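Below, each chain spelled out in residue letters.
2 protein chains.
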Amino acid sequence: MLRWNLALVGAVMLNPVALAQTAPPTAVESEPGKLMLMQGFPVPPAAQVRWDDQSMWDFPKTRWSFSHMRELLPTVAIHRGAPAKLFPRAERSGLDALRFATLDGRTMTWRESLDANYTDGIVVLHRGRIVYERYFGAFGPADQHIAMSVTKSFIGTLAETLIARGKLDPDRTAASYVPELAASGFGDATIRQLLDMRIGLDYTEDYNGMGTRMSDVTRMVIALGWRPRPAGYDGPDGGYAYAASLKKDGEHGGGFVYRTPISMALGWVLERITGKPLAQQIEQQFWSPMGMEQEANLSVDRMGTAFAGGGLSASLRDMARFGEMIRLGGRWQGREIVPPAAIAAIVKGGDPAAFANVNYPGLDGGNYGSQWWHRPGGQILALGVNGQGIYIDREAEMVIVRFASHPVAGNRANTPVTIPAYDAVATWLRANDGKR
Amino acid sequence: MLRWNLALVGAVMLNPVALAQTAPPTAVESEPGKLMLMQGFPVPPAAQVRWDDQSMWDFPKTRWSFSHMRELLPTVAIHRGAPAKLFPRAERSGLDALRFATLDGRTMTWRESLDANYTDGIVVLHRGRIVYERYFGAFGPADQHIAMSVTKSFIGTLAETLIARGKLDPDRTAASYVPELAASGFGDATIRQLLDMRIGLDYTEDYNGMGTRMSDVTRMVIALGWRPRPAGYDGPDGGYAYAASLKKDGEHGGGFVYRTPISMALGWVLERITGKPLAQQIEQQFWSPMGMEQEANLSVDRMGTAFAGGGLSASLRDMARFGEMIRLGGRWQGREIVPPAAIAAIVKGGDPAAFANVNYPGLDGGNYGSQWWHRPGGQILALGVNGQGIYIDREAEMVIVRFASHPVAGNRANTPVTIPAYDAVATWLRANDGKR
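Respectively, the protein sequence lines represent chains A and B.
So the mapping is simple: our numbering equals the position in the first sequence, first residue as 1, plus 6.
So the mapping is simple: our numbering equals the position in the second sequence, first residue as 1, plus 6.
Because the hints were derived from the structure by calculation, they are not lab data.
In this text, all values refer to a predicted model and were calculated from it rather than measured experimentally.
A portion of the hints provided could be inaccurate.
Because identical chains cannot be distinguished in the list, a pair is counted as satisfied if it fits within a single copy or across any two copies.
Here are the computed lysine-lysine pairs in the BS3-like style, where the Cα-Cα straight-line distance is at most 30 Å [stated by the list, open to error]:
1) K40 x K91
2) K253 x K173
3) K173 x K40
4) K40 x K254
5) K282 x K40
6) K354 x K282
7) K282 x K253
8) K173 x K354
Could you build all of it, start to finish, from the sequences and the hints given here?
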C-alpha cells in the first residue's frame with residue numbers, strides 16, 4: 007500500500023506533463039495520510055514535502071503543506087489575547103444530504119461538494135452558531151491553514167479602519183506615503199485605486215506558469231522566499247523591492263484587474279503610516295481583542311517583511327470569528343473591532359462598472375472593493391487561490407469559511423460548485439431554522 | 007543616532023577580525039532596540055537579521071535572532087493545552103543589589119551580572135513563586151527564545167520516561183532501535199551511553215570555527231538548514247543523515263565528552279520507538295498537560311525533522327514550569343508528568359569519574375547524566391550555548407531559568423559569573439525568606 011501510494015506521489019510529482027494531461031487524484035485519493043506524506047523517521051524521499059525542491063507547491067503535496075506553512079517557511083506569530091469564547095453549536099446533520107445543481111449543470115450533495123473542492127476544513131455559521139464543521143486530510147481545529155489571498159481582505163479591512171479614523175486618505179497617492187514607490191507603477195495610484203484593484207500595472211496574475219517559466223507570479227514568489235532563489239539570482243530582495251520593481255502599464259482607475267502586488271503596495275503603506283509591522287496590526291486589531299482560539303501567523307520574506315498579498319495562516323474557527331465580526335457590523339462581544347464607517351465602505355463595495363468585463367462564475371455582476379469580492383446579491387467574499395475563502399451572506403445571517411487544497415490555483419475551478427452550494431445552504435438554513 | 011547605531015552594527019558585523027581583537031559591545035551597547043535591529047519598512051540592510059547571509063548567527067544580531075527563530079527558520083509548533091495557571095508572585099526587589107564574587111575574582115551585583123551575561127530574560131522561582139523576573143532587549147514574556155542545548159535535557163527526560171515505562175531499554179544499542187545508525191559511530195553505543203554522552207565519536211564541539219571553516223559544528227548546522235547550503239553542497243540532507251554520517255573514534259563508555267549529535271541520535275531513537283515526532287512527544291508529555299502559557303516550537307530541517315540537539319524555543323515562564331516540575335519530583339498540579347523512576351535517574355546523574363577530566367568553571371566535581379548537568383552540590387542544570395539555562399537547586403527550593411545572547415557560544419564564558427550568582431541568590435533567599 008505504501009509502495010502504491012509513493013508511486014502515485016512520484017507519478018504525479020515527477021511528471022508535470024502527466025499531471026496536465028490526466029485528471030488529478032481525487033480528494034480521497036490525494037488524502038495526505040493515505041499518501042503517507044511527511045510520515046516516517048525519516049520521511050521517505052517521495053513522501054517529503056519540501057521548500058528547497060519546491061515540492062510544497064505541487065499538488066498533491068499541497069494537501070499537507072497548506073496547513074503546515076510554518077514548518078516550511080519563516081513565519082511571524084500573530085498572538086491571541088484573552089482565552090477564547092467558543093462558538094455556540096447547533097449542528098445540522100441534514101446538511102450533508104442537501105442536493106444542489108452546480109453552475110456547470112451537475113447535481114451533487116453538500117457532502118460531495120466538499121470532496122469536489124478538495125476541502126481541508128469548512129465551518130458554517132448561522133446566526134453566530136456553528137451549524138456545520140468538518141476537517142479533512144492533514145488539517146485539524148488547532149492547525150493554521152494558509153489563507154492565500156484571503157489575507158488581502160484583512161489588509162483592506164485594516165486600511166478602511168485607518169481611513170475611518172482619519173489616518174489614511176484614500177485620495178492621496180501611494181508615493182505620498184511611500185516615496186520608494188514613486189518610480190513604480192504604483193506611484194501615482196491613489197489608495198482607493200489600490201483598494202479596488204484598478205491599477206494599470208505591467209503584471210499578470212497567471213499561476214499556470216509557476217515553476218515552469220519565469221512568470222510574474224514566479225518572480226514574485228522567489229522574491230518573497232516562497233521558492234528558493236535560482237543560482238545567480240539578481241532579482242528583487244523581498245516583497246517591498248518586488249513591488250517597487252513593477253512598472254505602470256495603462257492608466258489607473260479603469261477596470262478591475264486582480265493583481266496580488268497591489269495588496270503588497272497597500273501593506274507597505276499601512277506599515278509606513280502606522281510604524282507597525284502587519285502582524286502586529288492584525289494582532290492588535292483582531293487577534294488580541296477578539297479572543298481568537300489559536301495563534302495565527304504571517305509568512306515573512308528574508309528581511310522579515312510579511313507577505314500582505316497572501317501570507318496569513320489561521321485556524322478555521324478564527325477565520326470564522328473574523329467573518330462573523332464583519333457580518334455583525336464590526337462589533338464582537340460588545341466591542342467595536344472595525345469602525346462603522348469602515349464596515350460601510352466594505353459593504354458598499356467597488357464600482358460594478360469596473361467589474362463588468364470580469365467573467366467569474368458565481369460572481370458575475372458583482373464587484374471588487376476594499377480588497378473584498380462582492381456578489382450582486384450582496385454577499386461579501388474573501389477569496390484565496392486553491393479554494394480558500396470567507397463567505398458572508400448578511401441577508402441569510404450566514405458565514406462560511408473554507409480552507410482547501412484544490413489542485414487548480416484559480417478559484418474559477420471551484421466557484422461553479424462553491425457558489426451554488428453556499429446558496430443552497432443559505433436557502434436550507436432559512437427553511438429549516440430551528441430543526442436539527 | 008540611527009547612523010551611529012548602524013555604523014556600530016556594520017563595524018561589528020563586517021569585520022570579524024575586529025570583533026575577535028576587541029571587546030564586543032556590552033549588553034547595553036548591543037541592545038537590539040538601540041541598534042534598531044529589524045526596525046523600519048523596509049529594514050535598512052545593516053540592521054537586517056537574516057538567515058540567507060548567516061547574519062542571524064553573528065553577535066550582536068543574535069540579540070534579536072535568538073528570540074525570533076521562527077521568523078528566520080522553519081519551525082514546528084508545540085501546542086499548549088488548557089489555559090495556564092499563572093505562577094504566584096512574591097517579588098524581591100532586594101535581589102538587584104545583592105553582591106557576590108565571581109569565580110575569576112571580580113565583585114558585582116546580581117543586577118550587574120545580568121548585563122555581564124547578556125541576559126535576554128531571567129526568572130527566579132523560590133518554592134514555586136516568582137521572586138524575580140526580568141526581560142531585556144528584543145525578548146518579552148510572550149516570546150519564545152531559542153533554548154539551544156537545553157533542548158537536550160528535554161530529550162533526556164523523554165528518554166528516562168520511556169525507560170521508566172519499559173518502552174526503552176538503556177542497555178540496548180542505538181542500532182537495535184535505528185538500524186540506519188549501524189554503520190555510524192552510534193551503532194554499538196548503548197542508550198545509557200548516549201544519555202550520559204560517553205561516546206567515542208569523530209566529532210568536535212567547536213563553535214569557534216562556525217562560519218570560517220568547515221568545522222564539525224558548521225557541517226552540522228548546514229545539514230540542519232540553520233545555515234544555507236553552499237553551492238555544490240553534497241553533504242548530509244538533514245539531521246538524521248548527518249548523525250548517520252559520523253564515524254566512531256575510540257571506545258564508548260569512557261569519559262564524558264559533550265557532543266550535540268549524540269542527542270540527535272537519541273532523538274531519532276525516541277521518534278522511531280514511539281512513532282511520534284519529537285514536537286508531538288514534548289507537547290503530549292509537557293506542554294499540553296502542564297498548562298503552559300505559550301506555544302513552544304522546534305526548529306526543523308528541510309524534511310521536517312526536529313533538531314533534538316538544540317532546536318527548542320519557548321517562553322521564559324514555560325521553561326520555569328518545566329524546571330519546577332523536575333524539582334517537584336515530576337509532579338505538576340496534582341498530575342504525574344514524569345514517573346518517579348525517571349526523576350530518580352535524572353537526580354542520580356552520571357558517573358562523576360567520567361567527568362573527572364572535565365574542566366568547567368562552577369561544575370568541577372560534577373557529572374553529566376540523562377542529558378542533564380550536575381554540580382557536586384546536587385544542583386541540576388540544563389545548559390545551552392550563549393547562556394541558555396535551567397538551574398534547579400532542590401536543597402534551596404529554587405529554580406532559575408535564563409535566556410541570553412552572550413557573544414561567546416561556550417558557557418565557560420559565563421559560568422564564572424552565573425554559578426556564584428545563583429549560589430548567592432540561593433543563600434540570600436534562605437536568609438531573607440518571607441521578606442520583600
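Hint by hint, here is what the structure shows:
In this homomeric assembly, K40 and K91 never come within 30 Å of each other (Cα to Cα): the closest approach is 35 Å inside a single copy and 39 Å across copies. Taking the closest pair of Cα atoms, K253 and K173 come within 30 Å of each other only inside a single copy of the chain (27 Å); across copies the shortest separation is 63 Å, beyond that limit. Taking the shortest alpha-carbon separations for K173 and K40, only the inter-copy value of 28 Å comes in at or below 30 Å, while the best intra-copy value is 51 Å. For the identical chains of this complex, K40 and K254 are neighbours neither inside a copy (47 Å) nor across copies (39 Å), given an alpha-carbon limit of 30 Å.
Taking the closest pair of Cα atoms, K282 and K40 come within 30 Å of each other only across two copies (17 Å); inside a single copy the shortest separation is 43 Å, beyond that limit. Taking the shortest Cα distances, K354 and K282 sit within 30 Å of each other inside one copy (28 Å), while across copies they are farther apart (50 Å). Taking the shortest Cα distances, K282 and K253 sit within 30 Å of each other inside one copy (27 Å), while across copies they are farther apart (50 Å). For the identical chains of this complex, K173 and K354 are intra-copy neighbours only, at 20 Å inside a copy versus 63 Å across copies, given an alpha-carbon limit of 30 Å.
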